[in-house]
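Asks: Single-letter residue listing:
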Amino acid sequence: MSEAFDIKAPTSRDKIGIYIHVPFCIRKCPYCDFYSCEKPELIEDYTRALERCIASCGPLMRGKTADTVYFGGGTPSLLPEKNVSKIIEELSCRIGIEKNAEITLEVNPASGAERRFAGYKSAGVNRISIGMQSASDEMLALIGRLHRHADTLNTVKAARRALFDNLSLDLMYGLPYQTLSDWKHSYEEAIRLSPEHISFYALTLSQDSRLYRSGYDYPDDDVQYEMYESFTDAAARAGYVQYEISNCAKPERRSAHNLKYWSLGDYIGFGPGAHSFMSGRRFYTPEDLDGFIAAKEPETLFVTEEDCSDDDLLYELVMLSLRTSEGLAFSKMRRFLPDDDAFCALVEKLKERFAPFEKAGCGTCGDDGIRLNTKGFFISNSIICGLTDR
Amino acid sequence: MTKKIRNFSIIAHIDHGKSTLADRLLELTDAVSKRDMQEQVLDNMELERERGITIKARAVRLSYKADDGEIYELNLIDTPGHVDFNYEVSRSLFACEGALLVVDATQGIQAQTLANAYLAIDHDLEIVPVINKIDLPAADIEGAKNEIEDVIGIPADYAPCISAKTGQNVEDVLRAIVKYIPAPEDKDEMPARALVFDSYYDSYKGVIVYFRLFEGKLRRGETVRMMSNGAEFEIVELGYLRPFGFEPVEEMSSGEVGYFTASIKNLSLTRVGDTVTSAAEPASQPFDGFKKAQPVVFSGIYPADGAKYPDLRDALEKLRLNDAALSFEPETSAALGFGFRCGFLGLLHMEIIQERLEREFSLDLITTAPSVIYKVELTDGSVMMIDNPTNYPSPDVIKAAYEPVVKASIITPTEFVGNIMELCQERRGRFSDMKYLTGNRAELHYFMPLNEIVYDFFDALKSKSKGYASLDYDEPVYEKSNLVKLDILLNGEIVDALSFIVHSEKAYPRARRIAEKLKENIPRQLFEIPIQAAVGGRIIARETVKAMRKDVLAKCYGGDITRKKKLLEKQKEGKKKMRSLGTVELGQEAFMAVLKLDE
Chain A
1 MSEAFDIKAP
11 TSRDKIGIYI
21 HVPFCIRKCP
31 YCDFYSCEKP
41 ELIEDYTRAL
51 ERCIASCGPL
61 MRGKTADTVY
71 FGGGTPSLLP
81 EKNVSKIIEE
91 LSCRIGIEKN
101 AEITLEVNPA
111 SGAERRFAGY
121 KSAGVNRISI
131 GMQSASDEML
141 ALIGRLHRHA
151 DTLNTVKAAR
161 RALFDNLSLD
171 LMYGLPYQTL
181 SDWKHSYEEA
191 IRLSPEHISF
201 YALTLSQDSR
211 LYRSGYDYPD
221 DDVQYEMYES
231 FTDAAARAGY
241 VQYEISNCAK
251 PERRSAHNLK
261 YWSLGDYIGF
271 GPGAHSFMSG
281 RRFYTPEDLD
291 GFIAAKEPET
301 LFVTEEDCSD
311 DDLLYELVML
321 SLRTSEGLAF
331 SKMRRFLPDD
341 DAFCALVEKL
351 KERFAPFEKA
361 GCGTCGDDGI
371 RLNTKGFFIS
381 NSIICGLTDR
Chain B
1001 MTKKIRNFSI
1011 IAHIDHGKST
1021 LADRLLELTD
1031 AVSKRDMQEQ
1041 VLDNMELERE
1051 RGITIKARAV
1061 RLSYKADDGE
1071 IYELNLIDTP
1081 GHVDFNYEVS
1091 RSLFACEGAL
1101 LVVDATQGIQ
1111 AQTLANAYLA
1121 IDHDLEIVPV
1131 INKIDLPAAD
1141 IEGAKNEIED
1151 VIGIPADYAP
1161 CISAKTGQNV
1171 EDVLRAIVKY
1181 IPAPEDKDEM
1191 PARALVFDSY
1201 YDSYKGVIVY
1211 FRLFEGKLRR
1221 GETVRMMSNG
1231 AEFEIVELGY
1241 LRPFGFEPVE
1251 EMSSGEVGYF
1261 TASIKNLSLT
1271 RVGDTVTSAA
1281 EPASQPFDGF
1291 KKAQPVVFSG
1301 IYPADGAKYP
1311 DLRDALEKLR
1321 LNDAALSFEP
1331 ETSAALGFGF
1341 RCGFLGLLHM
1351 EIIQERLERE
1361 FSLDLITTAP
1371 SVIYKVELTD
1381 GSVMMIDNPT
1391 NYPSPDVIKA
1401 AYEPVVKASI
1411 ITPTEFVGNI
1421 MELCQERRGR
1431 FSDMKYLTGN
1441 RAELHYFMPL
1451 NEIVYDFFDA
1461 LKSKSKGYAS
1471 LDYDEPVYEK
1481 SNLVKLDILL
1491 NGEIVDALSF
1501 IVHSEKAYPR
1511 ARRIAEKLKE
1521 NIPRQLFEIP
1531 IQAAVGGRII
1541 ARETVKAMRK
1551 DVLAKCYGGD
1561 ITRKKKLLEK
1571 QKEGKKKMRS
1581 LGTVELGQEA
1591 FMAVLKLDE
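Protein sequences appear in the order of chains A and B. With my numbering applied, the first sequence closes on residue 390, and no number is skipped along the way. With my numbering applied, the second sequence closes on residue 1599, and no number is skipped along the way.
One or more hints might be untrue.
[Said to hold, decoys possible] 25 Å max Cα-Cα, derived SDA-like pairs, lysine to any residue:
| id | chain 1 | residue 1 | chain 2 | residue 2 |
| --- | --- | --- | --- | --- |
| 1 | A | K359 | B | K1575 |
| 2 | B | K1435 | B | Y1468 |
| 3 | B | K1570 | A | S321 |
| 4 | B | K1555 | A | G144 |
| 5 | B | K1575 | A | Y216 |
| 6 | B | K1550 | A | L146 |
| 7 | B | K1179 | B | E1073 |
Rather than coming from a laboratory, the hints here were simulated on the basis of the structure.
So here's chain B without its partners, still in its complex pose (with noise of 0.2 Å):
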């Protein structure tokens, strides 16, 4: 049975067209057909259709008649294409036999490729290249293949030459992936064992859990078990994953991909990287699983309305369910009271799991700055790992201040690296070394402190190099360093939420340019509102936002007068979206914009 199985992801850095090639092997395979076709299918998160980027890993089924006349069942594990969601990757590829490794024939290979194809060649995933946008003048196909090459060491010479595009030879692509990715082996003797690599939460049919059957066999009304947490449960449903919805069978065999529901009210007991077994027949081991996701980036997330803060839990609670890269705990700040610490993959992560919180759960949120996890060696010589500013020790009883640092690949057009290496500079970054690729490409090494990176380093990479440059980097290391605590006052008073950790040689500039920042972004009031940033009670930078001046409606008659009761309303809802420090009121913008300072 299994000969007739691929299971396959598809790697490509961003735009380099791999939603608009999983969008043509839909349609080729009759899976959606044109007139239904809707730009991009697999990317079904409104977020993720503006982004133009796919977060959730997501799975679809397609029926392929190959040209020998058989009907192949190929499995496509969408993967997401940032730096922040590695961990969403690996995952993917651990379900797959093979990989599309999608290069855009106008680019060459980026550095996020790059780190994803090595990620499947550690999973011994089967590379399949495929050279895309050969529609585009500027494409260079050869180019294409001998960094391929080159660089990742894998033959390219019978890599399928497409445009997703127009769909010119998008059908060799289907050929590729039949004849260069091996089946799954046929283990349906074997105890049940299949792993779980995405599940989410239906209102309707509980959580649907997307898993590849490695061995054995699940069936309709079968009990289950998780194998981390002993749960069972009866699956209702099982089955495949159509572009449009759920095709549900009776029994599926090893090899296959599909999800299970069993009215499962917790998603916590199906988490990503469990493995399921059988409970009358189970296996005597499960999966090693994911390498967890560890969170580097953390910052306060804060109900606006102090009392939502149980809304907030609840919706972090949904959302950590499908992202099991998102951790919280609660804190309090004396600032905005309520709310929790959480940590993120990156600071697209971040905005993202934002975003969703605003969009998804109706919340309106106030978000520290991000803070990487920094280690203090105190002058008692114990130790303590910091991811919140505000929890930062005074400097009298620091031994030794340690941040983490990565090491950050960043492939460019040689006409840009002096623009990049200047600009790693400034990030406090440490030359390793460079070289040379084919095609008038160069990789760059560089030790970069992780808090420089988290703040805005993708944004001015990419303005740095006109959109060309691309970024990876590795797991962190801590490195001795010379931090201060950055303490920001309005009207005299700390406010604890806007403190951040900083490297002493940076914190006059940075203390000036939040100052200014913050001056743009408080709404003026009633009372003149002095702005003063502090490193250890010495004040280094100071501004003032003017008290407040015009707020009339010079006009009001007759026909103004509903109007105007609207715009109070509306000036009122806006309001109590406001943070109240004392006599200071704060609305969500003042916190980005410590975010934001190089806009």
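Chain A with its partners taken away, still in its complex shape (with noise of 0.2 Å):
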């Protein structure tokens, strides 16, 4: 027997996030390091461990619901309705889901889903993130995505159709000689759909992806930036807010479940590849989906990737808060550091620190916090190392 995983399941009243990671394409995008296989006969059998998993954590979960859950992927719009169905019940009767809870599906317009549309509707999905990536048919055939900008246009419709009022986008800049104009007319042609929510995501590749070895050439940071800058401007004056460094959102339709991650929110993950946080844990399940159908116990699977100290946390909360527009409020650390000198010492220190980054026009600091503005945002990780000691 095996010993059971503590998943350190908070006790506080805060709602937790339910993550899902389903980890299978059509094919692999050239750019992509998340978890996924080519392997669509292998769904039952993963829903099936899924339900396993759920089932036995959900005694774990001390009582706690869930206000949202994402099916991320991989390529979530290739389950079949009924194993979303039976997925999200589950849920339901495990953990809890809230009444007005959250539940987001990824759809790649290449999967054929808009007719499984209705039946996710039914199954509870209340909201719907579309990887368009680009407008443009031709950038897309670079980077090695299967669809082309028309099976975005009918997967909008489809969505709109089967009465989803929550929809996001994905777009990516800096591609494969992209010009700025190039990336006009793809994020025009997002605002021109009206989705509630839209991702905007620098291209970045690791060193082993498959696109990176191509050895196209890529825009500069310069023009990066101007990419960034001029998507924003635009975004807000179509009423759109921008939230974090990547996302914008009509008002009150920012992604309740990607807030968590940068607000230090508990989220449990399930299936290869998904990562959890509870009370100071991370946790994840490796990227093995052979092994993860083949556990009798699914969740025995889970492996410890830190335990946070008051320390770490106060790092991360420093470093995820400063992608959020909200940004760090100082009172927020006051959790992780309860002594009053060192809690006056360290919100000294910031601010001294983040001096020349306000000058240099990052963005603003106040009795209450630290906030960046979009020239901030893009050269973040210089001022996240700025500001801390680590």
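Two chains, two frames, some hints: make the complex.
Replies: What follows is the structure in structure tokens.
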């Protein structure tokens, strides 16, 4: 008998988030480093393993309920409606989902998911996040996407027809040979589709990704910054409010699930490659679909990544909250630094260290906290390094 | 006894097969079994293996059963093969009676080989030529022999013709060693006199002294005296140097090569070149010792982290113990804080020291541009020797400036003569003469300013000659020159560590190139950074490092957080290696960029 994994379920009143990693793709994108396999035949086995995992973790949640559920991937839209429905049901009865919970499912426009939208909707999904990436067919082909812009248009239309009133589009910039005007065309097209939410990511390649090895040329940092700024301006004019480095939304349409990541909220992830964070413990299920399916008790696969000390959490708070437009509220540091003198000293140190960044026009610092602006967001790594000691 | 001893070195150009030959000799004498044979046993410093060169002299004793049935003890003393290390060569040669001169049959004699062969002849060594690489299709055995006879003036008809790589005829080399290299003289009856030709520090045994015993005997337990400083030690262990370790013995006799240990904690007491004698029955005179190597290239070495200054000092002290050619003294830079002005034999020596400090002592360093020693006559009649550009006096008090010039000898296939002459001219060389050697090769002589050689002349020479040309040069003399000090300003502030001295005609192109290189090598920062190069307050080149625009992790979700933390920690590590000069942060690359302007 393996020892039960202590997932350190929180005892506070906060709700938890649930992440389901769906590790299936029709074909892996050459820039992506999320875990996925091209083995659709294992979807049923995977679903059963997921159910087993949820069933046995439920009791460990100490009565916590979830206010967000997020199906990410991989390509969650490859899941048949009934599987999504079974998973959500299992979550409801084993852990409990709040009535107004945000339940998101990521959709790849190439997955032919439109016909499943009604089923997703009745299964409880109420938010669809569509991987549009670009409005240029040439660009989509270059980065190895299977869909074309017409597929995105169809997917959006189908989602609206299925009465989804909370859509998000994912865009990417900094693509090979992309110019500022290519990018403008893509994001104007996205804005025209008036989704409730837009994520906009600078393409980031690991050195062993296939796309990196293709040896293409990419827009330089100055152009990428122009792309970033030009989009945030356009989005603001269209009524979107930027709430994180790479995310903006219509009022009240921010992604409640993703916000948990940046505010040290608790979440549990199910499925191979899913990560969890509960009361300061970070743990994950290894990226091994076969192992996940084969495990009689998939929850025993959890591996601790780290047990964060208050000091670690303080660092994470700075690192993550500066990603958001709310910024770092000094008061939030109190939780990890109860000592008055230490707290005041840290606030003073942060203010002092932020001064050159403020002078360089990267954000503002008041008595309550530090907020980065567009310029600051785009060099936030340097700023975090400059503010912290480790 | 000594009749059965042979002490020899191997002289060869880089890549002419010295280390491979040494390996074969070790194999043939069963010093190392084939199974345990690791390529190039003697080059046991990690750096040496990587660069394929020998840096430190090293010795090994081989037992060889000759054709006459007798066992001969062959002491092979390895020598470095780069012009920077002529000094090490001379101390190895001193300990020998003979030398193998290995010549690549496809390439013939190279400048460096020639210089070392002359050095060996000066030491009265018997030279045994060896023609190597005869297995290659391009091998010209007769040509190589003729060249040895014509250029060096020693007979070569009896030279073993071998392939060290395949092992062909290598046994002939052993026979030739026994036959042609004289045995050391038997001087057992005299008071002990041994010459230290190498020493290094071992954390278990203390200092290990490599010596050649010329006269008398040394015994375990005996008290010995270093003749330069009078320090006395009791020998704890002495013996022979075998390929994979030490073979302790009770006593050693004149003519032998070996090591001793005496729980010596301080390497500076056993300097290379010193004479060891018996404390009870001392010799009256020490040996002349070696010609002390004179550093010709100087640069500032600073710890990237100022707090590591004492560690750097300890590390330099340790390295100097094994490398008498390294000199250093404390200096202070406004930009870099506390560090050391270090003297080296050449640029390769400098790079090696720098790499060893970083690898063996885990130090992060900042090294300033290398400088030679300039001589400056001031208007008040006094003379200054300047090895640090920062100390260069202001032009209005300089009456005359002098720079070191060497006579460079370059041996090259004739097809590259044009390229090389162009290169030398470009580097302000003054043509002296050229003579044709056999085999379509020529020897060029140029008077070259040393400061043109120390930057990247070797690399340039190699690329202009497809690697075939070789270089040697002798000691510098001072010539009057029109020198200026080039200052580099970052954000309007002079960075003293980046200043250097240059011939006035070279100031403008070099200033421009440095500004460009700095621009490539200074990471973008919060603010735009103007780079200016100035001579006497006049700006002659400028560039700008644009402000940083992008340094962000676009995606940061559940699974990314731990990774992001690690990424930022790594970035912070990198930042710690940077030096803050006012508001500007510089890494080692920026300082190095100034060195390698042609890349």
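Asks: If a hint holds in the structure, say so; if it doesn't, say that too.
Replies: Here is what the structure says about each hint:
1. Under the criterion of a C-alpha separation no larger than 25 Å, the hint pairing A/K359 with B/K1575 is consistent with the structure, at around 21 Å.
2. Of the pairs offered as hints, the one joining B/K1435 and B/Y1468 holds, with about 17 Å between alpha carbons and a cut-off of 25 Å not exceeded.
3. Between B/K1570 and A/S321 the alpha-carbon distance is near 20 Å, which keeps this suggested pair within the 25 Å criterion.
4. For the proposed pair B/K1555 and A/G144, the alpha carbon gap of about 20 Å is at most 25 Å, so the pair holds.
5. About 29 Å separates the Cα atoms of B/K1575 and A/Y216, which puts this hinted pair outside 25 Å; it is violated.
6. Note on B/K1550 and A/L146: the hinted pairing is violated, with a Cα-Cα distance of about 29 Å set against a maximum of 25 Å.
7. Only pairs whose Cα atoms come within 25 Å are accepted, and B/K1179 paired with B/E1073 is accepted, the gap being roughly 13 Å.
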